[in-house]
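Going down the list, the sequences are from chains V and P. To convert, take the position in the first sequence, counting from 1, and add 227; that gives our numbering. To convert, take the position in the second sequence, counting from 1, and add 252; that gives our numbering.
It should be emphasised that the hints constitute simulated quantities derived from the structure, not laboratory data. On a predicted model such as this, the values are computed, not experimentally measured, just so you know. The C-beta atom is built at its ideal place from N, Cα and C for all residues, glycine as well. Some hints could be false.
[What the hints assert, rightly or not] Per the computed footprint, the stretches of chain V lying under chain P, defined by three or more beta-carbons under 8 Å from a beta-carbon of chain P, are:
1) 260 to 271
2) 308 to 322
3) 333 to 339
Each chain is listed here by its residues.
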Amino acid sequence: GALVYQYPRRTICKSGTSMRMECQAVGFQATSVAWYRQSPQKTFELIALSTVNSAIKYEQNFTQEKFPISHPNLSFSSMTVLNAYLEDRGLYLCGASDRVEQYFGPGTRLTVL
Amino acid sequence: AQKVIQVWSTASRQEGEELTLDCSYETSQVLYHLFWYKHLLSGEMVFLIRQMSSSTAKERSGRYSVVFQKSLKSISLVISALQPDDSGKYFCALWELSSFNKLTFGAGTRLAVCP
Chain V
228 GALVYQYPRR
238 TICKSGTSMR
248 MECQAVGFQA
258 TSVAWYRQSP
268 QKTFELIALS
278 TVNSAIKYEQ
288 NFTQEKFPIS
298 HPNLSFSSMT
308 VLNAYLEDRG
318 LYLCGASDRV
328 EQYFGPGTRL
338 TVL
Chain P
253 AQKVIQVWST
263 ASRQEGEELT
273 LDCSYETSQV
283 LYHLFWYKHL
293 LSGEMVFLIR
303 QMSSSTAKER
313 SGRYSVVFQK
323 SLKSISLVIS
333 ALQPDDSGKY
343 FCALWELSSF
353 NKLTFGAGTR
363 LAVCP
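Make a model of the complete structure from these sequences and hints.
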């Protein structure tokens, strides 16, 4: 079956520091990986969509300078939250897709102190 | 402007009852898919059911089914014979062919099922 792992599951960082989260696809080829953020009391917002052999596309209000993403192969992606502040807290979800089906990881919950 | 709208933020039912969760959406695309997911407290996002815009079939998966009214741009999730384990947050999501694997989520509806 298709599985998506994310780690760490939970992390706490000090304001102004950075943290990296990873997404691992197992059992299928993740030709595209979407990173979402659910801020407190909000729905899931797309941060960026990464497709192998294509440029990473960031949504409005999200930039590569703030959320650099790496998608080096068909099973792995990572995203870093640089200079994290209070507004960056929330649940970060990785959605990995082979074609139409998108499989989600359990998320990385980020707390910023 | 919101593209996927779930009007009800919360809902509650008794065990054994049936529930309909409403979702409306906006799109100018001809081809698109609609998904329903259940988001667990653990963080896991569980896929429930998918409706393709090109399909007229009434999609059903176990106790989950959808009512798809394409002309009204509405997709409702029906959960029959509710169980306490059905409690959780349900998200409607729109995937448009032009956006290639980008999902736009609604705000979600939190469901509580009482024994």
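Legend entry - Hint numbers contradicted by this structure: none
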